[in-house]
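Q: Residue numbers (our numbering), protein chains in the order written: chain A, 1 to 113; chain B, 1001 to 1113.
Source of the hints: derived by calculation from the structure; they are not laboratory data. Where a beta carbon is used, it is the ideal one built from N, C-alpha and C, also for glycine. One should not assume that every hint holds.
To be verified - Pulled a few chain B residues facing chain A out of the computed Cβ check, cut under 7 angstroms:
1) Ala1007
2) Glu1044
3) Leu1045
4) Phe1047
5) Arg1050
6) Ser1053
7) Phe1054
8) Asn1095
9) Thr1096
10) Phe1103
Claimed, not checked - From the derived model, a few chain A residues whose C-beta atoms are all more than 10 angstroms from chain B:
11) Ala2
12) Thr13
13) Ser31
14) Phe33
15) Leu45
16) Asp56
17) Pro81
18) Gln97
Said to hold, decoys possible - Straight-line distance between alpha carbons at most 27 angstroms, and here's what the computed BS3-like set of lysine-lysine pairs gives:
19) Lys1038(B) to Lys24(A)
20) Lys1016(B) to Lys1100(B)
21) Lys1003(B) to Lys1100(B)
22) Lys68(A) to Lys24(A)
23) Lys1070(B) to Lys1003(B)
24) Lys78(A) to Lys1100(B)
25) Lys1038(B) to Lys1016(B)
26) Lys1003(B) to Lys1038(B)
27) Lys24(A) to Lys1016(B)
28) Lys68(A) to Lys78(A)
29) Lys78(A) to Lys24(A)
30) Lys68(A) to Lys1070(B)
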Amino acid sequence: DAGVIQSPRHEVTEMGQEVTLRCKPISGHNSLFWYRQTMMRGLELLIYFNNNVPIDDSGMPEDRFSAKMPNASFSTLKIQPSEPRDSAVYFCASSFQDRNEQYFGPGTRLTVT
Amino acid sequence: AQKVTQAQTEISVVEKEDVTLDCVYETRDTTYYLFWYKQPPSGELVFLIRRNSFDEQNEISGRYSWNFQKSTSSFNFTITASQVVDSAVYFCATNTGFQKLVFGTGTRLLVSP
Chain A
1 DAGVIQSPRH EVTEMGQEVT LRCKPISGHN SLFWYRQTMM RGLELLIYFN
51 NNVPIDDSGM PEDRFSAKMP NASFSTLKIQ PSEPRDSAVY FCASSFQDRN
101 EQYFGPGTRL TVT
Chain B
1001 AQKVTQAQTE ISVVEKEDVT LDCVYETRDT TYYLFWYKQP PSGELVFLIR
1051 RNSFDEQNEI SGRYSWNFQK STSSFNFTIT ASQVVDSAVY FCATNTGFQK
1101 LVFGTGTRLL VSP
């Protein structure tokens, strides 16, 4: 079975531009998580969804960040406008609702210049 | 609040040595889970193990073993006869609520030939 799929794998953009990161969870998983990893702050949970519904977005840094999950097989994380401090690796992870080990995608390395 | 401490920032060993990665957790929950993840140089996060707080039996999987001790709030990870391919950052985590994970800061393991 395919793992969590993320695209793009690398994104380089200029400050002020809109960035959209995409994620396809493992088929059958009903929880989806977005994380950000930086050297300074480590792994941070940004938001998670259960059955396509956002459950906890307390980790979203500010209004420039938004996430959607229109169906069970797709989610997006959008940053608008992007800033250099948003540069990080963004991971998507998924899990079964009743088993809480999460399976991570390969990540998207975002660089904002 | 839940917290995971990985006091070892970096460990260097020579191939075939045994190495133990320490993990100390804090939680107010009576039922909780503990996890280990591996992040190799390629960057993805790989799930290694999930342990229920009611199950204090040690677990062995090939060269990997885990020692869970509630009395000391520790969940240590030992690699026996380390190999170069074991070089990675290893993260310990626990859950807060049912599905959210709190990660430690990671231990970088360098195995040299």
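Q: Compare the structure with each hint and give your call.
A: Okay, the hints, checked on the actual structure:
A cut of 7 angstroms between beta carbons decides the hint on Ala1007(B): the least distance to chain A is about 15 angstroms, and the hint is violated. With 7 angstroms as the threshold, the beta carbon of Glu1044(B) comes within range of chain A, its nearest partner Cβ sitting at about 5 angstroms, so the hint holds. At about 4 angstroms, the closest approach between the beta carbon of Leu1045(B) and any beta carbon in chain A falls short of 7 angstroms, and the interface hint on this residue holds. For Phe1047(B), the interface hint holds, since its Cβ comes within 7 angstroms of a Cβ in chain A; the closest pair sits about 5 angstroms apart.
Residue-level restraint check for Arg1050(B) holds (minimum Cβ-Cβ distance to chain A is 4 angstroms; threshold 7 angstroms). Nearest Cβ of chain A to the Cβ of Ser1053(B): about 12 angstroms, over the 7 angstroms cut. The hint is violated. For the restraint placing Phe1054(B) at the interface with chain A, the shortest Cβ-Cβ distance is roughly 15 angstroms, beyond the 7 angstroms limit, so the hint is violated. Look at Asn1095(B): its Cβ gets to within about 6 angstroms of chain A, closer than 7 angstroms, so that hint holds up.
The interface hint given for Thr1096(B) is violated, since its Cβ lies 9 angstroms from the closest Cβ of chain A, which is over the 7 angstroms cut-off. Hint status for Phe1103(B) relative to chain A: holds, with the closest Cβ pair at about 5 angstroms, below 7 angstroms. No beta-carbon of chain B comes within 10 angstroms of the beta-carbon of Ala2(A); the shortest separation is about 14 angstroms. No Cβ of chain B comes within 10 angstroms of the Cβ of Thr13(A); the nearest lies about 19 angstroms off, and the non-interface call holds.
Separation of Ser31(A) from chain B is inadequate, the least Cβ-Cβ distance of about 6 angstroms not exceeding the 10 angstroms criterion. The Cβ of Phe33(A) does not lie farther than 10 angstroms from every Cβ of chain B; its closest approach is about 8 angstroms, which violates its non-interface assignment. Against chain B, the non-interface label of Leu45(A) is violated: not every CB pair exceeds 10 angstroms, the least being about 6 angstroms. Not every beta carbon of chain B lies more than 10 angstroms from that of Asp56(A), the smallest distance being close to 7 angstroms; the non-interface claim is violated.
At the 10 angstroms boundary, the C-beta of Pro81(A) stays outside the reach of chain B, the nearest C-beta of that chain being 26 angstroms off. With a least CB separation of 8 angstroms from chain B, Gln97(A) falls inside the 10 angstroms interface cut-off, contrary to its annotation. Of the supplied pair hints, the one linking Lys1038(B) and Lys24(A) holds, its CA atoms being roughly 21 angstroms apart against a limit of 27 angstroms. Simply put, Lys1016(B) and Lys1100(B) have alpha-carbon atoms about 36 angstroms apart, too far for the 27 angstroms limit, and the pair is violated.
Between Lys1003(B) and Lys1100(B) the CA atoms are separated by roughly 12 angstroms; this keeps the pair inside 27 angstroms, and the hint holds. Note on Lys68(A) and Lys24(A): the hinted pairing holds, with a Cα-Cα distance of about 12 angstroms set against a maximum of 27 angstroms. Note on Lys1070(B) and Lys1003(B): the hinted pairing holds, with a Cα-Cα distance of about 15 angstroms set against a maximum of 27 angstroms. For a cut-off of 27 angstroms, the pair hint linking Lys78(A) to Lys1100(B) stands: about 21 angstroms separates their Cα positions.
A threshold of 27 angstroms between alpha carbons decides the hint, and for Lys1038(B) with Lys1016(B) the separation of about 19 angstroms falls inside it, so the pair holds. Pair hint Lys1003(B) plus Lys1038(B) holds up; C-alpha atoms about 19 angstroms apart against a cutoff of 27 angstroms. With a CA separation close to 39 angstroms, the supplied pair Lys24(A) and Lys1016(B) exceeds the 27 angstroms bound. Restraint check for Lys68(A) and Lys78(A): satisfied, since their Cα atoms lie roughly 8 angstroms apart, inside the 27 angstroms limit.
The straight-line distance between the Cα atoms of Lys78(A) and Lys24(A) is roughly 15 angstroms, inside the 27 angstroms bound, and the hint therefore holds. About 39 angstroms separates the Cα atoms of Lys68(A) and Lys1070(B), which puts this hinted pair outside 27 angstroms; it is violated.
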